[in-house]
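Chemist: Line order of the protein sequences matches chains A, B, C and D. Just so we're aligned, residue 425 is where the first sequence starts under my numbering, counting upward by one. Just so we're aligned, residue 425 is where the second sequence starts under my numbering, counting upward by one. Just so we're aligned, residue 425 is where the third sequence starts under my numbering, counting upward by one. Just so we're aligned, residue 425 is where the fourth sequence starts under my numbering, counting upward by one.
Hints may be right or wrong, so weigh each one.
Pairs count within a copy or across copies, as identical chains cannot be separated in the list.
[Unchecked claim] No farther apart than 20 Å at their CA atoms in a straight line, the calculated lysine to aspartate or glutamate pairs in the EDC-like style are these:
#1 K581 with D568
#2 K471 with D436
#3 K453 with E539
#4 K581 with E611
#5 K572 with E511
#6 K453 with D549
Since the hints were made in silico from the structure, they are not lab data.
If you want the building blocks of each chain, they are given just below.
Protein chains: 4
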Amino acid sequence: MTDKSKEAAGGDSRRPEIFHVAARLFHEKGFAQTSMSDISAALGLTKAGLYHHILSKEQLLLAIFNYGLDLLEREVVQPVAEISDPEEKLRRLIQKHIQLILQKRFHEITVILHENRTLHGKSLDQINQRKKKYIRFLENILADIARKNPRGKIQPKLGAFALLGMINWLYQWYNPRGPVSQDELTEQFTELFLRGYGTGGAASPSSPRAAR
Amino acid sequence: MTDKSKEAAGGDSRRPEIFHVAARLFHEKGFAQTSMSDISAALGLTKAGLYHHILSKEQLLLAIFNYGLDLLEREVVQPVAEISDPEEKLRRLIQKHIQLILQKRFHEITVILHENRTLHGKSLDQINQRKKKYIRFLENILADIARKNPRGKIQPKLGAFALLGMINWLYQWYNPRGPVSQDELTEQFTELFLRGYGTGGAASPSSPRAAR
Amino acid sequence: MTDKSKEAAGGDSRRPEIFHVAARLFHEKGFAQTSMSDISAALGLTKAGLYHHILSKEQLLLAIFNYGLDLLEREVVQPVAEISDPEEKLRRLIQKHIQLILQKRFHEITVILHENRTLHGKSLDQINQRKKKYIRFLENILADIARKNPRGKIQPKLGAFALLGMINWLYQWYNPRGPVSQDELTEQFTELFLRGYGTGGAASPSSPRAAR
Amino acid sequence: MTDKSKEAAGGDSRRPEIFHVAARLFHEKGFAQTSMSDISAALGLTKAGLYHHILSKEQLLLAIFNYGLDLLEREVVQPVAEISDPEEKLRRLIQKHIQLILQKRFHEITVILHENRTLHGKSLDQINQRKKKYIRFLENILADIARKNPRGKIQPKLGAFALLGMINWLYQWYNPRGPVSQDELTEQFTELFLRGYGTGGAASPSSPRAAR
DNA sequence: CATGAATGAGTATTCATTCAT
DNA sequence: TATGAATGAATACTCATTCAT
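Using the sequences provided together with the hints, build the complete structure.
Modeler: If you want it as structure tokens, here you go:
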């Protein structure tokens, strides 16, 4: 509220730009290999100028983490939560999660995935809690499906981590300008996971369009 | 014989120990956040003493990468290559790859998975070639299965990366002292992927025992 | 304006002081034996503070070289170039060159003479070109004299290097507070070289006064 | 006399080779930039092996200095001392000194000229005394000439340093494979200096042959 | 004689951060 | 807001030298 509002979101219009540029650099070179000089230069600021907007390098990383997790909640969790059918929920979650990783604020998400061991103490705890919340959200969907469909033998927890592994690993290899389109990718990953988990193998009516 | 023996494998009995300790530290703190002082202290050496055995921090990382990829070839590729039935090949690869990540030289493998953007130039090229060789090995198995079993609709390339994502992501969450045993994990991941990829869902005769 | 102003000349008022102090230390102890710590301490700065003004030790040396060669051009070449009579040109060059070595920015010039093998690559090429330009300037004067005065049998090139050796060697032995005054030195070196090269031995009207 | 005779010359046949190789490296890269590793590698020894022959890097440099000054005395001073005519003495000294610098043990002599500020304390004093002895030897010759030939007005001390400057500077620029032969160089430098100093300008009967 | 292993002190350089202006 | 100057602590790496074997 006061002028010292570096931590609060209010009144600093350059902060989203700073987060995004920093996230891009953290993604490209790694957090430890990116200097505050790199970031300020990429922003057209001096080092001291950058410090007018942020408190420290670690707080900057924390802000990026929270920004990325905000996106995850807004772009994946919220739309999915509004759906009632569990299988349809899962289909949509896969589609939206892939979409998030591949298109929206790619760098912020990648930093979350890669700079796992970088945060410490309270910051780390806070982030881990938000991550766990998402995992439980996914686990619950899988448990609902399993209840309706006793054919499957996969534990929801293992299914959840398998699915997250499949999707999160994308940042290590998937090239959006390569031969596999995002729609194709989404369709095949959905098919692979749903059939593997023991849910109806046929493609659902909600055929994946990369809804934007 | 000369000082150059740092590059050759011969006659430096402390090198394996150095690799393992360094790999553990790189895994725990990250490559960039681990100082040569950390490594030498963990080895009970001075910094200069450590440099008697290695050429540079980057060469040390490269050596660890190659050591880990040697393990992958010896412990996963070679045993699997001797099998003839494609589906049996895949089952064994999943089992052996999980085993490698969870038990054998855990740190070396984790460093390979995590410190992707750290190497540069020729070292990076060399490592990437070895990685691609493994991916092609897995793709070929999947293609063989698809040929025998036209029911599946998953492209071998996407299947390969999905499987690698599932398994490699383990290092981010799996706790060997947690409630899920390694056998259980192996069984469920095998079931999930094989059924999802479109191969016979019934458990095969080679029920997974974490063969040691 | 940006951090890049290290390379440009503008707006860093401490740079001349830094050059001079560094040149003094390089002269006294040699480039390799002078540490950046020595230089920063002599300037009343920390090491990191020194690096705020310069890019590297090698760039610092290069800057000193160029500064010294600037002096040579301003204090020797330009005044001499305005004279028309070749013999008078030579007398003035000897006087001015001795003056430069013994009085003006002694250290900068000495570093140029002594730290010959220290620069590398492009920096070395650039400096060598500037040096060669001066040698050709002197050679041309000697060639002009030889044309007018066919008595002499000394090749201009050998004459030039002999003269440069005589004068540049001064930094190895001449003590300004010793029994030989700078005027006396100038007079005798002029006499020795002109008579030896085969030009009129009588003292010229421009009797050497160490003009300041 | 005992086995500890590292300092004495006796009983270590590899020492001359070591001196020469070290002198070459000191000349090429400078004393401070040459590591004991460089030297031992160039000799095909280990570092510790090198230390069986020498006491320290500084003692090694001192030994090279003394070796070079031994050469100067043997190859220049002794032959010249046997001549009686002063002018002939001077001619021969010029010829022999140039010869020493350009052919015989080039590196040892160059190190003496260049690594002036490197020695300290007693070693420096000892070397400086030997150097001064040579300068006085040359000064005496010039004084003898001046006594016979009152035409000259150059002080012997200044003449001596001028001549040493001309000749010693050769190591900075003269290329033995260039267009100027060593005989030509010797002849022209002799002519230049003798005429300049005020001694008979005509070439003497002892025309310079690069006596080997 | 020779060596592999080791070291204490030092080197140039970088970095996140601060502060007077 | 912004900056130029500055810093304390750290970083990867090197070096001359020693010593048990």
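Chemist: So, for every hint listed, does it hold in this structure?
Modeler: Here's how the hints hold up against the structure:
1. Taking the shortest alpha-carbon separations for K581 and D568, only the intra-copy value of 12 Å comes in at or below 20 Å, while the best inter-copy value is 31 Å.
2. Within a single copy, K471 and D436 get their C-alpha atoms as close as 17 Å, and across copies as close as 18 Å, so both meet the 20 Å cut-off.
3. In this assembly of identical chains, K453 and E539 lie within 20 Å of each other by CA distance both inside one copy and across copies; the values are 11 Å within and 11 Å between.
4. Within a single copy, K581 and E611 get their C-alpha atoms only as close as 23 Å, which misses the 20 Å cut-off; across copies the closest is 14 Å, which meets it.
5. Within a single copy, K572 and E511 get their C-alpha atoms as close as 10 Å, which meets the 20 Å cut-off; across copies the closest is 30 Å, which misses it.
6. Taking the shortest alpha-carbon separations for K453 and D549, only the inter-copy value of 17 Å comes in at or below 20 Å, while the best intra-copy value is 25 Å.
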